[in-house]
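Engineer: Read top to bottom, the protein sequences are chains A and B. Using my numbering, read the first sequence as starting at 1 and increasing by one per residue. Using my numbering, read the second sequence as starting at 253 and increasing by one per residue.
Rather than coming from a laboratory, the hints here were simulated on the basis of the structure. Incorrect hints may appear among the rest.
Cβ-to-Cβ under 7 Å is the rule here; a few derived chain A residues that face chain B [stated by the list, open to error]:
id, residue
1, T13
2, V16
3, P105
4, I107
5, K199
6, L200
Using N, Cα and C, we set each Cβ at its ideal position, and we do this for glycine too.
In case you want the letters, here they are:
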Amino acid sequence: MNDRRRVFAIQATTIVAVLAAYEALARSHLLYAGVVPPLWDIAVAFAGVLADPATYTNLAVSLAEIAVGFVVATVAGILVGIVVGARPWLREAVGPYLDGIATAPKIVFFPIAILLFGVGPASKAALGALSAFFPVALTVAAAVRRVNPVFVNVGRSFNASRGQMIVKVYLPALVPAIVNGMRLGLGLAIIGVLLGEIKLSDRGIGFLTIDEYNHFRIPQMYATLILIFILAVGANVLIGRLETRERARRAK
Amino acid sequence: MKWFAPPAAIAFIVAVALLEGAARGGLMPATVFPAPSAIAAGFGDIARNGELVGPALITFGEALAATLIGAVIGIPAGIALARSPSFGRAYESWLGGLFAAPIVLLYPLFLVVFHRSSATIIIMGAITAVLPIIIQTRTGMLLVPHVLNAVGRSFNATPRQAFWLIAFPAAVPAIVTGIRLALIYSLVNTIGLEFLIDFGGLGRVISDLYAQYDIPQMYAGIVTIVVLSLVLLWLLDRAERRLRPA
Numbered sequence: 001m002n003d004r005r006r007v008f009a010i011q012a013t014t015i016v017a018v019l020a021a022y023e024a025l026a027r028s029h030l031l032y033a034g035v036v037p038p039l040w041d042i043a044v045a046f047a048g049v050l051a052d053p054a055t056y057t058n059l060a061v062s063l064a065e066i067a068v069g070f071v072v073a074t075v076a077g078i079l080v081g082i083v084v085g086a087r088p089w090l091r092e093a094v095g096p097y098l099d100g101i102a103t104a105p106k107i108v109f110f111p112i113a114i115l116l117f118g119v120g121p122a123s124k125a126a127l128g129a130l131s132a133f134f135p136v137a138l139t140v141a142a143a144v145r146r147v148n149p150v151f152v153n154v155g156r157s158f159n160a161s162r163g164q165m166i167v168k169v170y171l172p173a174l175v176p177a178i179v180n181g182m183r184l185g186l187g188l189a190i191i192g193v194l195l196g197e198i199k200l201s202d203r204g205i206g207f208l209t210i211d212e213y214n215h216f217r218i219p220q221m222y223a224t225l226i227l228i229f230i231l232a233v234g235a236n237v238l239i240g241r242l243e244t245r246e247r248a249r250r251a252k
Numbered sequence: 253m254k255w256f257a258p259p260a261a262i263a264f265i266v267a268v269a270l271l272e273g274a275a276r277g278g279l280m281p282a283t284v285f286p287a288p289s290a291i292a293a294g295f296g297d298i299a300r301n302g303e304l305v306g307p308a309l310i311t312f313g314e315a316l317a318a319t320l321i322g323a324v325i326g327i328p329a330g331i332a333l334a335r336s337p338s339f340g341r342a343y344e345s346w347l348g349g350l351f352a353a354p355i356v357l358l359y360p361l362f363l364v365v366f367h368r369s370s371a372t373i374i375i376m377g378a379i380t381a382v383l384p385i386i387i388q389t390r391t392g393m394l395l396v397p398h399v400l401n402a403v404g405r406s407f408n409a410t411p412r413q414a415f416w417l418i419a420f421p422a423a424v425p426a427i428v429t430g431i432r433l434a435l436i437y438s439l440v441n442t443i444g445l446e447f448l449i450d451f452g453g454l455g456r457v458i459s460d461l462y463a464q465y466d467i468p469q470m471y472a473g474i475v476t477i478v479v480l481s482l483v484l485l486w487l488l489d490r491a492e493r494r495l496r497p498a
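Pulled out of the complex, with its shape left as it was, chain B reads as follows:
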């Protein structure tokens, strides 16, 4: 992936110029598509009103908490499923099915118990985060090369040593992939839920701004979310590459 390479920067400038021209020329109704300059001004407004940095921190905090819960539960669960073939096979298709299922739609169930709160958001995020972590951890543990285990045996490693010094480190790249997916999914989930239940960080900001019918500021908020998604994707991509030299 070549991020922010010259063609992407040129495309951005061209797109902004075209949209600005179309808006000024009256080709687009400002109530639906505000001009980029108006969105930029809206950006300044929400930043001044404290609706940018604070909410972004809340959103990331919730997503991180959800991912952390997902990792604390998911990594041991994945290891356990890799060690017990019957349980692994029994739950394998279920995990895949759940991973593809529209889990976010279950949020009213948690709303009834936890109401509009961070708890609802974090629990829903943790449920979406735990699945890729379990699946990736199990796959990583199952794919540990046999050579490594053989080396361990030839050194007379105890089971505990074999696990901590050989099997687990060999599975780390897969676990990291799982955590990366978990962070992305829980962030999407968090923002979506914030928007739906009008609570918390950036998603709540969009919902509020729409309710106030402040369209340029609302666009500024949406652009912020897209840009943050891009930055997160880029950071995770780099972090994963560094952890996986091959």
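Just chain A, same shape as in the assembly:
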């Protein structure tokens, strides 16, 4: 208990110290005025951003792009993961390329997404899908190799069709890996969509951020970034809860 209180005291002190240091930096005028706005200005701007209906229309665009990209990536990732993971020769043939593209920054594929889908929301959803696809596909492919061979043989001995094998044998055994891949993928889908919006778009919460930057509305930009961070971290916590619950359910 005492230890817990100590940990809490350290956390609280750290937050206060960081905010105080920031405020001191803002008021010191070491940097150009307006570049590092005081906390109060950011708080006022945050309230303004929350009260502005434009925030919500842009947020809705981004959420739709993230949702579409994430769903496409999850479905495609599960299918490709199962197909590639279940065949050793295919794993050796395409595995290195999957690993290589998974490591490369996805944002450089954004021009291709624009060529394919235009400058509208579809290209952002595509970039989100590309970003989220690899963690799902790679975790599923790795997990397929660990599926209990007894299950696979039982399915085969019942003459299960390919579709039945996927739905009745592989999917149930892969749920933990899929949820884990989805958790990693969601964060990347959010980043992919928002970076796409920042680079080239006329709507969305990412566009709002860079628009505020371009018009030098710096407190508003801080406020929008804080809002994005709260939502992104919230989404991560939610999907993390889902993972814990799934694990607890399995442990029973």
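For chain A, the structure is supplied; the task is to place chain B on it using the hints.
Structural biologist: Chain B alone, transformed into the frame defined by chain A:
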């Protein structure tokens, strides 16, 4: 991992042949998917224009600088957090949360202060690099086997000796893992930022080539980035294996 094993090489050749055939047969619009031969020609073009080796060196330089800053700050920080249980526990969940957070989205904050410059890119890279290094260093220090510490005590090692001769060397493999992750993340971050702010190495090249609508050359640049990611992954994998004989 079996890299460049025959199946992977065959898959590459088959894929290139299929794409070339599809492009020549008019199945793919050349403005969106240029033929592999056109991309190969684009590769020659960007190499001749000095848009390949130079920018690649800039990108790697920035990523290395970011990783180095991350290591200089992260290793001592990780050690300190391992030695102080309360601080370690206080920051543990924060570090994990930050590691999962979309930090790259904060780049406009640094853009305002440092403008479009290498400083913005390196600082953002260093922030992404420092987190895995702190986390891995702390974990490595906490997991030093008790037997080793006991041996140190039986030899009457001073605290300084115990640290430099026992605890730190035992944590090196974990620290190396942290540095490997840091290098990969900071490279991804660097290229992404270069693309976003049109400044620096390979990411900037892609952005420029797209702006000029030179699609085959742009593809050549993207392929270069993917290949460099593959090579880096492979090199780091080998380096880490050599450092960790077990």
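Engineer: Broken hints, numbered, in rising order?
Structural biologist: Numbers 1, 2, 6 - these are the hints that the structure violates, sorted from lowest upward.
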